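2 protein chains.
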Amino acid sequence: MARVYNFSAGPAMLPEAVLERARTEMLDWQGSGMSVMEMSHRGKEFMSIATRAEADLRELMAIPANYKVLFLQGGASSQFAMVPMNLLGAAGRADYVNTGAWSKKAIAEARRYGTVNIAASSEAEKFNTVPAFDAWQLDSGAAYVHYTPNETIGGVEFHWVPDTGTVPLVADMSSTILSRPVDVSRYGIIYAGAQKNIGPAGLTVVIVREDLLAEPLAGTPTMFDYRTHADNESMYNTPPTYGWYLAGLVFEWIKDLGGLEAMGAINQRKAGKLYAAIDGSDFYANPVDPACRSWMNVPFTLANPELDATFLSEAKSEGLVTLKGHRSVGGMRASIYNAMPEEGVDALVAFMAEFERKHG
Amino acid sequence: MARVYNFSAGPAMLPEAVLERARTEMLDWQGSGMSVMEMSHRGKEFMSIATRAEADLRELMAIPANYKVLFLQGGASSQFAMVPMNLLGAAGRADYVNTGAWSKKAIAEARRYGTVNIAASSEAEKFNTVPAFDAWQLDSGAAYVHYTPNETIGGVEFHWVPDTGTVPLVADMSSTILSRPVDVSRYGIIYAGAQKNIGPAGLTVVIVREDLLAEPLAGTPTMFDYRTHADNESMYNTPPTYGWYLAGLVFEWIKDLGGLEAMGAINQRKAGKLYAAIDGSDFYANPVDPACRSWMNVPFTLANPELDATFLSEAKSEGLVTLKGHRSVGGMRASIYNAMPEEGVDALVAFMAEFERKHG
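Those sequence lines, one after another, are chains A and B. Numbering of the first sequence is given in the UniProt record's numbering, commencing with residue 1 and proceeding in unit increments. Numbering of the second sequence is given in the UniProt record's numbering, commencing with residue 1 and proceeding in unit increments.
Careful, some of the hints might be misleading.
[To be verified] Okay, derived cross-link-like pairs now, DSBU-like style, lysine-lysine, Cα gap no bigger than 30 Å in a straight line:
1. A:126 <-> A:104
2. A:44 <-> B:104
3. B:104 <-> B:126
4. A:44 <-> A:104
5. B:105 <-> B:44
6. B:44 <-> A:358
7. A:255 <-> A:273
8. B:316 <-> A:44
9. A:44 <-> B:105
10. A:273 <-> A:126
11. A:316 <-> A:358
12. B:358 <-> B:44
13. B:44 <-> A:316
14. B:255 <-> A:44
15. B:273 <-> B:255
16. A:105 <-> A:44
17. A:44 <-> A:255
18. B:126 <-> B:105
19. A:104 <-> B:44
20. A:126 <-> A:105
21. B:316 <-> B:358
22. B:316 <-> B:273
23. B:44 <-> A:105
24. B:126 <-> B:273
[Stated by the list, open to error] Partial list, computed: chain B residues near chain A (C-beta under 10 Å):
25. 39
26. 82
27. 228
28. 230
Since the hints were made in silico from the structure, they are not lab data. All values reported here derive from a predicted model rather than from experimental measurement. Virtual Cβ for every residue (Gly too), placed ideally from N, Cα, C.
Please construct the entire structure, taking both the sequences and the accompanying hints into account.
Below, the structure written as C-alpha cells:
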C-alpha cells in the first residue's frame with residue numbers, strides 16, 4: 001500500500017523525510033558500522049547525537065540557559081506523579097486546572113501526594129471551552145499551578161498562557177509542544193510524551209527550571225527524582241536512545257522548515273481548513289468554543305451517527321485512516337500534528353465534501 | 001564502513017536480520033501504509049504485533065499461564081524500586097544477594113523502602129565468584145529474595161538457580177535473559193532491560209507470577225504499581241511500541257535459530273572460545289572463578305596495561321569495537337550477547353593472538 005494519511009491521536013505520523021533517513025541509517029549510522037540502536041549510550045557516536053538533539057530543541061524553543069532539558073521514559077503518565085513528588089515540598093498543595101480527560105488524570109495522581117485545589121474547571125461546560133482566566137481561584141501559597149494546554153480527547157486548546165506570577169506554571173504539552181512558538185520562560189516545567197509531535201512513543205521530554213530541582217517527597221523512587229536525571233545529563237541509566245535519535249531528526253526537520261514560527265503558520269492553516277469545512281456544513285459539527293479549538297486534535301460528528309462506520313470505511317479506502325473518535329466522545333477525530341502534511345488535510349476536506357454529497 | 005563487531009555491554013548489537021526487516025518495514029509495515037512507530041497502540045495492526053511478541057516470548061521461555069508478561073519503560077533501574085514497592089508488603093523486609101555493581105544498586109534502592117538483609121555476598125572475593133548456596137543466610141519471613149544472575153560489569157554469572165522454597169525469587173536478568181533455557185516457575189519475578197538480549201533501550205520486560213500482584217506501599221506512583229500494567233495488558237498508557245515490535249522480531253529470530261536450547265549451545269561455545277584464548281595465554285587474564293564466568297560479558301586485562309590504548313585502536317581498525325572495560329574494572333570487556341555472531345568472537349580471538357604476537 002502507498003503511505004496513508006494517518007490521523008491517529010498518538011502514536012501518530014512522523015515526517016516521511018525522518019523515516020527515510022532512519023531507514024537509510026538503520027544498519028550503519030554515518031559510517032559507524034552500527035545502527036543507532038546498537039550504540040553504547042556513553043560512546044562518542046551516541047553522545048554526538050544526544051548533544052545535537054538537545055541543542056536543536058533548545059534553539060527551536062529558545063530554551064533559556066537556566067532550564068534543564070531531560071530525555072526520560074514513562075510518558076506523561078509518569079510525570080503526573082513526578083511533578084507533585086518533586087514540587088509539592090513544604091507547601092504540600094498545588095493548583096490544578098481541569099479542562100478534560102488528561103487534566104483529570106493529572107489531578108487524580110497529584111491527590112495521592114498532597115492537597116489539590118481545582119483553581120478552574122470547564123467541566124460544567126462539558127469541556128468544550130477553557131476557563132476564562134479572570135475566574136481562576138489561584139492560591140498564592142500553592143507549590144505550582146498545573147494545566148493542560150491542549151486536551152487531546154476534547155480537542156480544546158489554550159491559545160494564551162496563564163500568568164501565575166511567582167507560582168511556577170507546569171504544563172502537560174504532550175499534544176501541542178513544537179506546534180508553534182512558546183515562551184518557555186513563562187513556565188516552571190514543560191513536559192511532553194514524544195508520540196505526537198516529537199518522535200516515537202517511549203520518550204518523554206521534560207524542560208525544568210533549575211531552581212525547581214530540589215529534594216522530592218520521602219519515598220520518591222530514584223528514577224522519579226528529577227535531580228537524578230538533571231545531574232547525569234539524562235544518562236543515570238540507559239536512556240531510550242533510538243527515540244532520542246529520532247527526536248533529533250524531527251527537530252532538524254522542523255528547523256529545515258523554518259522553525260516554530262513557520263510550523264505554527266502551517267498548523268494554523270491546516271486547522272483553519274478543517275474547521276471551515278466542518279462549520280460550512282450542516283452535516284458535520286464540532287462542539288468546541290471557536291476561541292479554544294485545538295490546532296492539533298479536531299473532533300467532529302456526523303449529523304447521522306449511523307453513517308459513522310460507512311464514513312470510516314470509505315475514508316480508509318481513500319487512504320485516510322485512524323479517524324475514529326475517542327470512545328468517550330464518539331464520532332470522528334482528526335489529529336493533525338506537525339507531521340500531517342497539508343495535503344493530508346486537503347484530502348480529508350475533499351473526502352468529507354464528497355461523503356456529504358453522497359450520503360448527506 | 002562495513003558493519004562492525006560491536007562488543008558493547010548495552011545497548012548492544014542486534015541481529016542483522018532484525019535490522020534488515022526493520023529497515024524494509026520502516027515506511028510501510030506489511031501494507032498498512034504506516035511505520036510501526038506511527039501506529040496507534042490500540043489499533044489492530046499494533047495489537048497484532050504486541051500479541052504475537054508476547055506469545056513468542058511465552059513460547060521461547062515456556063512461561064507458565066499463571067505469569068503475566070509486562071512490556072514497560074524505565075529500565076532495570078526502575079525495577080529496583082518497583083520490586084520493593086510492590087512486594088515488601090506486611091513483611092517489610094527482603095533478602096538480597098550482593099554479587100557486584102548491579103546488585104548494589106538494587107540493594108541501595110530497596111533500603112529506601114524496607115529492611116534489606118544481605119543473605120550472601122561475594123564482596124570479600126572482589127566479586128570474582130558467586131556465593132556458594134549453602135552459606136546463604138536466608139530469612140524465611142522475607143518478602144522475597146533478590147539476586148542478579150549475571151553481573152554485566154564483573155562478568156560473573158550464576159550457572160544454577162537458588163532454591164528459596166516458598167519465598168519468591170526475584171531476578172534481574174537484564175544481561176542474561178534469553179541466553180539459554182530457564183525454568184520460569186522457579187521465579188516470582190524476572191525482569192530485564194531490553195538493551196542487551198531483547199531489543200533496543202527503552203523497553204523493560206517483567207515476568208511476574210500473578211499471586212504477587214497486590215497492593216503496593218502507600219505512595220507508590222500508579223505507573224510503578226505492577227497491577228496498573230497487568231490489568232491493562234501493558235497499555236494503561238502508551239507503551240514503547242517500536243521497542244516492543246523490535247523485541248518481537250528478535251523473538252522470531254531466536255525461534256528461527258531453534259529456540260533457547262540452540263541459543264544456549266551457541267552462547268556456551270562462543271564464551272568457551274574466548275575464555276580458552278584468554279586462559280591459553282600469559283598475555284591475557286580474566287580474574288573470575290571458572291565455575292561462574294559469564295557467557296555474556298567477558299572482562300580481560302592485558303599483561304601490560306600501557307598497551308590498552310593500542311589494543312583498542314588496532315582492534316577498531318579490524319572492525320572490533322567497544323571493547324574498553326568498565327571504568328571501575330579497567331582493561332577490556334567483550335560483551336557477546338545473543339546477537340554477536342560466532343564469527344565476531346572468532347575474529348576477536350584471532351585479533352588477540354595476532355596482537356600478542358606483535359606486542360607480547
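Hints and how they fare:
no.	hint	in the structure
1	A:126 <-> A:104	holds (13 Å)
2	A:44 <-> B:104	holds (27 Å)
3	B:104 <-> B:126	holds (13 Å)
4	A:44 <-> A:104	violated (42 Å)
5	B:105 <-> B:44	violated (39 Å)
6	B:44 <-> A:358	holds (28 Å)
7	A:255 <-> A:273	holds (24 Å)
8	B:316 <-> A:44	holds (14 Å)
9	A:44 <-> B:105	holds (25 Å)
10	A:273 <-> A:126	holds (25 Å)
11	A:316 <-> A:358	holds (16 Å)
12	B:358 <-> B:44	violated (59 Å)
13	B:44 <-> A:316	holds (14 Å)
14	B:255 <-> A:44	violated (34 Å)
15	B:273 <-> B:255	holds (24 Å)
16	A:105 <-> A:44	violated (39 Å)
17	A:44 <-> A:255	holds (24 Å)
18	B:126 <-> B:105	holds (16 Å)
19	A:104 <-> B:44	holds (27 Å)
20	A:126 <-> A:105	holds (16 Å)
21	B:316 <-> B:358	holds (16 Å)
22	B:316 <-> B:273	holds (20 Å)
23	B:44 <-> A:105	holds (25 Å)
24	B:126 <-> B:273	holds (25 Å)
25	39	holds (6 Å)
26	82	holds (8 Å)
27	228	holds (9 Å)
28	230	violated (16 Å)
In this structure, the earlier hints numbered 4, 5, 12, 14, 16 and 28 are contradicted, and the remaining ones agree with it.
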